[in-house]
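What follows is the residue order along each chain.
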Amino acid sequence: MSAGRKIKVVLAKPGLDGHDQGAKVVARALMDAGFEVIYTGLRQTPEAIARLAREENADVIALSSMAGSHLPICRKLKPLLEQAGLGDKLWIIGGNLPAQDHTALRALGFKGVFPSSSRLEDIVHFIRTNLP
Amino acid sequence: MKHVDSSKSRSRTVINESGIEIKPLYAAADVAASGGDGMIGLPGQYPFTRGIHSLMYRKQPWTMRQYTGFGNPTDTNKRFHYLIANGQTGLNVAFDLPTQCGMDSDDPQAEGEVGRVGMAVDTLRDFEIAFDGVDLERITVSLTINGAAAILIAMYLAMAEKRGYDISKLRGTAQNDILKEFIGRGTWVYPVEPSIRLVGDTIEYCAQHAPKYSPVSVCGYHIRESGADPAQEIAYAFCIAKAYADDVIRRGLAIDEFAGRLSFNFNCFGNIFEQVAKFRAGRSLWAKIMKDQYGATEPGSMWMRMIAGGGGGGLTFEQPEMNIVRGAYYALICALAGTQTMALCCYDEAYTIPSEYAQRISLRTMQLLIEEMGLADTVDPLGGSYYVETLTNQMRSRMETIMTEVEAQGGIVTLVSDGSIQAGVSRQAYEHQREIEEGTFRKVGVNCYRTDEKTPEMEFHPYKGEDARAQVQALGRVRAERDAVRVQQALARVQSDARSTARPNLMPAIMEAVKAYASVGEITGVLVGVFGRYREPRGL
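Protein sequence lines correspond, in order, to chains L and B.
Reminder that position 112 of the first sequence reads as 112 in the working numbering, one-by-one numbering, no gaps.
Reminder that position 180 of the second sequence reads as 180 in the working numbering, one-by-one numbering, no gaps.
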């Protein structure tokens, strides 16, 4: 990352899930922490997320999933992000993510997994300390 | 509730979530000073502060209607019968996201989502299966559907008609509140203007053909979940309800022809007294609005009928068994506040689709209030409390102020279209989260009384891919068996009616399409072709 440039986060709502309160709260916290945040809005396809992340040259690709379809979505997104040359970026996911799925999400490349009840400052700290 | 230490007085300043300062003690003088002359009255009489009926639960307890639906219609039908066998008196149907967004189960965007957060519905056949064996006169059904509401209301009426019910006598409810979907929840399909038109079409159609059916349940609930405070929750919901009423009145209907079937869905997490006062205040304010602003003369038109009991935003991921206790207090709040229907969030709902066990706990919680705790014995038991009456007046006044502000800024439709309401509540949600993390807004188990002890194992609702595949196959069979010409003709009529500059009511055409077994996705696709799709305002 070049000096002086803000950390750029593309924060996406994949799938049909319409619960965006948490994603917007996290977006505001990341902006307050000095990051640049591009929030996609609802119903993003994996293709659209990968395209936007590439166009924006994002440092962090963050997903919010509240409606249980996180695993199928991340399985579809992983190869698309890799094809877009974003395999070395920091991928994180937050939302309603049962503990039993965390290992699978990490194995798919989502290094940061933030289930409901995660603290905002922990998300900010994780991004700061895990950026490549 | 915020507690601010005040070193001078050595007592805390307490300000409730709606921004009203709470005193340590209330007396008769406080009630008098809080305004609201003549606003208490008696239950069953204008302004209905104390309840919409004179005898309330003494005559009939609230309807118990847990939110249920998952997998395919066969799975959901089994759960319906389980709940009815356990004493539930209504049904509250959860649909999966493809159905809610107007997509068929075989839509590529539906992959992985079919039957996940609710029941998948593609055609009338699915409703026939889902409600098989359910007595639609004894058990009233509420459909939690918004973006695809016109189609699913048509399906419900068509299914009932096919089973021999007289739809002019059929009771039931659809959520069908699209404006709040733009604020929170997000199952919109069309742009704002045609979305409101469709709500108006359903209200007008039901007023003429199914006058006992409640075509809209205006939701403060999700606005609160998105970050609104309790007074804003009611105020914004009333602004939205007025927007629908205005649309119907422009068509030439009189207020008393349809207002009696408007209903509301409210949240209830938070401070017990603020919540009870909120509902009492809302009830009298709605009556006043209907009478003074709309000239309603029928008492039913002035009734703020409601479902309440859910309060997802108040439940916690931490120490989830405490959500059973919170749910019991939420039920108490709603019983004290005179709700018509109650649905509690289950203790495992922060994690998963509720188990049968969790659903039964919620149901028993409500039954316990009626059978053991005396909540169904006396109407408005908190009526006359200096505190509650003062707070009721103050809450009403806050709601009126907020409604006036919305009007002054261009009205709710404008403020939702340009994203102002969304931005405002989202900012509040962030501030609230900060207060929780800083510990200034206390949440037990979250920022105080935490424990490292393990909580009991949670039973996770399994998602069965084979059920989704079965649903896709069932849709294929319906498509193969139905009269294709009839479907095409019906869809063509939906399209021409939607295009017509005369703006005919779309419900008759949608009814025809549904009866021909046209699918949710097919009908939605035709309407999207005419109306286009909603695009969210940019930013937060």
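Accuracy of the hints is not assured; some may be wrong.
As the list claims (entries may be wrong) - Simulated restraints on C-beta separations:
| hint | chain 1 | residue 1 | chain 2 | residue 2 | range |
| --- | --- | --- | --- | --- | --- |
| 1 | L | E56 | B | S355 | 36 to 44 Å |
| 2 | L | Q100 | B | Y82 | 21 to 29 Å |
| 3 | L | N130 | B | Y82 | 41 to 49 Å |
| 4 | L | A104 | B | E453 | 43 to 51 Å |
| 5 | B | G133 | L | E56 | 52 to 60 Å |
| 6 | L | E56 | B | T451 | 17 to 25 Å |
| 7 | B | T451 | L | G85 | 23 to 31 Å |
| 8 | L | Q83 | B | A492 | 21 to 29 Å |
| 9 | B | G529 | L | G41 | 17 to 25 Å |
| 10 | B | I272 | L | Q83 | 52 to 60 Å |
| 11 | L | Q100 | B | A85 | 53 to 61 Å |
To be verified - So these bits of chain L aren't anywhere near chain B, every CB distance computed over 10 Å:
| hint | residue |
| --- | --- |
| 12 | Q21 |
| 13 | N96 |
| 14 | A107 |
| 15 | G112 |
| 16 | R119 |
If you're looking for bench data, these hints aren't it; they were derived computationally from the structure.
Quick reminder that beta carbons are idealized off the backbone N, C-alpha and C, glycines included.
Consistency of the hints with the structure:
1. L/E56 to B/S355: 36 to 44 Å: With a Cβ separation near 42 Å, L/E56 and B/S355 satisfy 36 to 44 Å, so the hint holds.
2. L/Q100 to B/Y82: 21 to 29 Å: Holds, at about 26 Å.
3. L/N130 to B/Y82: 41 to 49 Å: 46 Å, holds
4. L/A104 to B/E453: 43 to 51 Å: Taking Cβ atoms as reference, L/A104 and B/E453 lie about 27 Å apart, which means the hint is violated.
5. B/G133 to L/E56: 52 to 60 Å: 53 Å, holds
6. L/E56 to B/T451: 17 to 25 Å: Since the Cβ atoms of L/E56 and B/T451 sit about 42 Å apart, the hinted range of 17 to 25 Å is violated.
7. B/T451 to L/G85: 23 to 31 Å: Violated, at about 45 Å.
8. L/Q83 to B/A492: 21 to 29 Å: About 42 Å separates the Cβ atoms of L/Q83 and B/A492, which means 21 to 29 Å is violated.
9. B/G529 to L/G41: 17 to 25 Å: 22 Å, holds
10. B/I272 to L/Q83: 52 to 60 Å: Holds - the Cβ-Cβ distance for B/I272 and L/Q83, about 54 Å, lies within 52 to 60 Å.
11. L/Q100 to B/A85: 53 to 61 Å: 31 Å, violated
12. Q21: Nearest chain B Cβ is 5 Å from L/Q21, so the label is violated.
13. N96: Incorrect as stated: the minimum Cβ-Cβ distance to chain B is 7 Å, not above 10 Å.
14. A107: Nearest chain B Cβ is 18 Å from L/A107, so the label holds.
15. G112: The claim holds: L/G112 sits with its nearest Cβ about 17 Å from chain B, beyond 10 Å.
16. R119: At roughly 6 Å from the nearest Cβ of chain B, L/R119 sits no farther out than 10 Å, so the non-interface label is violated.
The earlier numbered hints that this structure contradicts are 4, 6, 7, 8, 11, 12, 13 and 16.
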